[in-house]
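Enquirer: Residues per chain, in single letters:
Protein chains: 2
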Amino acid sequence: MNAPTHIPPPIPGEPERASMRTAIPGPASEALRARHHRYQDARPIHFYQDARKSLGNYMVDVDGNVLLDVYGHIAAVPIGYNHPALLAAWRDGRFDWCAGYRSALGVAPAPEWVDLVEKTLMRVAPKGHTRVFTFTTGAEAVENALKAAFIRLARRRRGGAQPSDGDLAATMLNRQPGVNAFKVLSFDGGFHGRSMGALSATRSKPIHKLDIPAFDWPVAPFPASHFPLAAHAEQNRAAETRSLEAVEAALDAHPDEVAAVIVEPIQGEGGDRHASPAFFQALRRLTAERGVALIIDEVQTCGGGTGALWAHEAWDLPEPPDMVTFSKKMQLGGFYCREELAPIEPLRVFNTWLGDPLRGAQLEVILEVIERDRLLENTRSTGERLVAGLEDLCRRYPAVLSGARGSGTFAAVDFPHAARRDAALTALRNRGLEVGGSGERTLRFRPALIFAPRHVGEALDHLESVCK
Amino acid sequence: MNAPTHIPPPIPGEPERASMRTAIPGPASEALRARHHRYQDARPIHFYQDARKSLGNYMVDVDGNVLLDVYGHIAAVPIGYNHPALLAAWRDGRFDWCAGYRSALGVAPAPEWVDLVEKTLMRVAPKGHTRVFTFTTGAEAVENALKAAFIRLARRRRGGAQPSDGDLAATMLNRQPGVNAFKVLSFDGGFHGRSMGALSATRSKPIHKLDIPAFDWPVAPFPASHFPLAAHAEQNRAAETRSLEAVEAALDAHPDEVAAVIVEPIQGEGGDRHASPAFFQALRRLTAERGVALIIDEVQTCGGGTGALWAHEAWDLPEPPDMVTFSKKMQLGGFYCREELAPIEPLRVFNTWLGDPLRGAQLEVILEVIERDRLLENTRSTGERLVAGLEDLCRRYPAVLSGARGSGTFAAVDFPHAARRDAALTALRNRGLEVGGSGERTLRFRPALIFAPRHVGEALDHLESVCK
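Chains as they are written, first to last, in the numbering used here: chain A, 48 to 515; chain B, 48 to 515.
Honestly, the hints are just simulated from the structure, not real lab data.
Heads up, a few of these hints could be off.
No distinction is drawn between identical chains; accordingly, a pair holds when it is met within one copy or between any pair of copies.
[Unchecked claim] Calculated cross-link-like contacts (lysine to any residue; reagent style SDA-like; alpha-carbon spacing at most 20 Å):
(1) K252 - K515
(2) K174 - L134
(3) K174 - P74
(4) K174 - E418
(5) K252 - D263
(6) K174 - S211
(7) K515 - E292
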């Protein structure tokens, strides 16, 4: 059952361990925050980071504190800080074709972009996916995946006919009667971004949605496995059945109006909620039968954190999802899709930049490092240690910790309630562990793929100190 | 009346003139397109650009053609290709703090980001604006500006009270009765982006909106000046009065529901439609009286193309706009706002990346070049030559060209109908002028700020050849 241990080569010069000089945030961070807050909302900032001194798994802040990072700028740091391969590529001119202007990739891209698409983005495409649409962020990825799903549904409903003049006139007035009934089904606790289309599918917390108009779209309960799985098998199965029944009921209630079902492999903002492969297999069968696009939103899970580049690969689906979104660890946003989801007419899913060539070029280097250093293997074996260690802490501190769970190093553990979790976040940061919260009372781990057994040991030490 | 002539220093090695080896697209571009189109929609691509050989105002394509560029990757190239100052900054390490990872700017930014915000972004802030929110694209800028306007309206309607538990529960189900009635008023022909919130305000063309659900928001006619202004003064004034009456009627029809009016200084996608300073002054007065946020969408006009960093500076408004959006020539997206538009609670207008530090660092260099080389002065004087030259062509080829207009080098001229315009675009590209279309039958000029009198002469030569 255990993944073979593979330890990645160390990053030369990486600190041995966190070391703290001040409380977090320290005085230099607070001085910067005071300046910064005059112009931007600086309240959410944990601390200010010394970009050049940070290395590998360790962040250095402007007060000289060295923190072990298992949060990764909200799961967006794939191979740690200042990886030698990334810096060498920058220095050696591999990105020079991106240095002299920012291009509109749908108007006049450089030939290097075609190479990137073919040799990098398509090389790692999810199985069964033939096309990739690139954007800049996860929210843009989701917005555009939803648009492609709407366009497909409208095409089917028109039966290949052109839109009428009346359709076009109504469109310009935002009064497309059938189209405005189109819906996307999402799950409670789901997070899909914060622009208004994506936000209508987001069901994470009121603060994300409050006061922003939303489309009248249906929501189903996410099954949310209880851990350890063996002890809750029946309860988990029943929750998954109820969730699938709710999905089916929502599709029945809106025949031919639900263009897509969107779901995260593991709910990232919603509290690291997991479901079983059987659940996703059933969801794939159900959506395929109804002709509803299944969008797996891998914005937070993509890029290797679960031990695979795509978390959904672990499910053995009866057929591929229709679309898979990405961003964060991939450095630019986008979605992959099956051929039939690509709009037939040009320019319907389009914008000025369509991503960022430099972030694509860096992704190429990142994927080379992941392969060369076998970082997915590392993430699987290191992740098993991490989750085993969290389970051990749950056994030893049952009044504080419960529900250890994870896939690769995409791991989490629960506190009894929000106040305890928030206090732990602060205490951990002050001991030198940069870690994030998710959901109401969960601690989430989103380290880079170079997170190795020795870092697991250190992270668990910090957590145990705080439990005591 | 004439702006003083200021010619920017030449870019060393910039081509003397366009020179063509093949038709556009040439065989090397077509071979790349065939490869590219297997994975992405490559139909809209004009040609593939040699990123390293392009210089100054001239694009070099993969077939060795050299084209004078007055389109600028959809108005997004501020100081031309491979400007020596940008390349030197890259080479000399000014961007090295961005090289080793991509940061989440709301979690742990580097201190360099605070400097960028204070010394660069706020230095060029529109008058009266105290805060800047950064994002990655124009659509994200608009989405988030609209969200800030909704949050402000909701705060006012609650009179400072906290949302009730019922409000929060309804929010999670997308059923906020009052909030879902919130509206944004935009103008026909307006373009504000293609994500679903921004797209609901976009009224450019059916193809941008077809089949995508939209919010039930009102639209008013954009007045659309006719040129030359002196010959159409009365007609233009009447159109502006009708437009303002329609805005007022829409606000009356939805009391306390319209959170924002959004308008471009010059409609960029909608066909380079202009309105007078008096129109915008009246719109500012009207929105201020009603407590409706006025958002000036400067995504396409920002960064100097009109001869000022912000087009709305030309209007002498009775008070500043509430928000100003930007992207394109600024290289990253965002909005500036007056203090009262910033949400009171943290994390309400937020996402993972909040922009891109590298694109911000490049903007700093770009703004230095604009100041050092007095590129706004250049753009004003060169723009006068360009518009005068277009007017001259309109007089000499009245069967082909009409409606010459512009502000700085943000200029346009009309063809009799779409087919003639589209044929001209192709013919111009084949002669060596990369130019764009807008609206139904308009040719738009969006050159870089280093576009100088000699380039005007060449562009007009190409256009005259095509008129003949």
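Enquirer: For every hint, state whether the structure bears it out.
Expert: Do the hints match the structure? See the list:
1. K252 - K515: neither (31 Å within a copy, 63 Å between copies)
2. K174 - L134: neither (31 Å within a copy, 40 Å between copies)
3. K174 - P74: Classified as neither; 50 Å inside a copy, 32 Å across copies.
4. K174 - E418: within (18 Å within a copy, 51 Å between copies)
5. K252 - D263: Intra 17 Å, inter 25 Å, cutoff 20 Å: intra-copy only.
6. K174 - S211: neither (37 Å within a copy, 46 Å between copies)
7. K515 - E292: Neither: 43 Å inside a chain and 69 Å across chains, both beyond 20 Å.
In summary, the numbered hints that this structure violates are 1, 2, 3, 6, 7.
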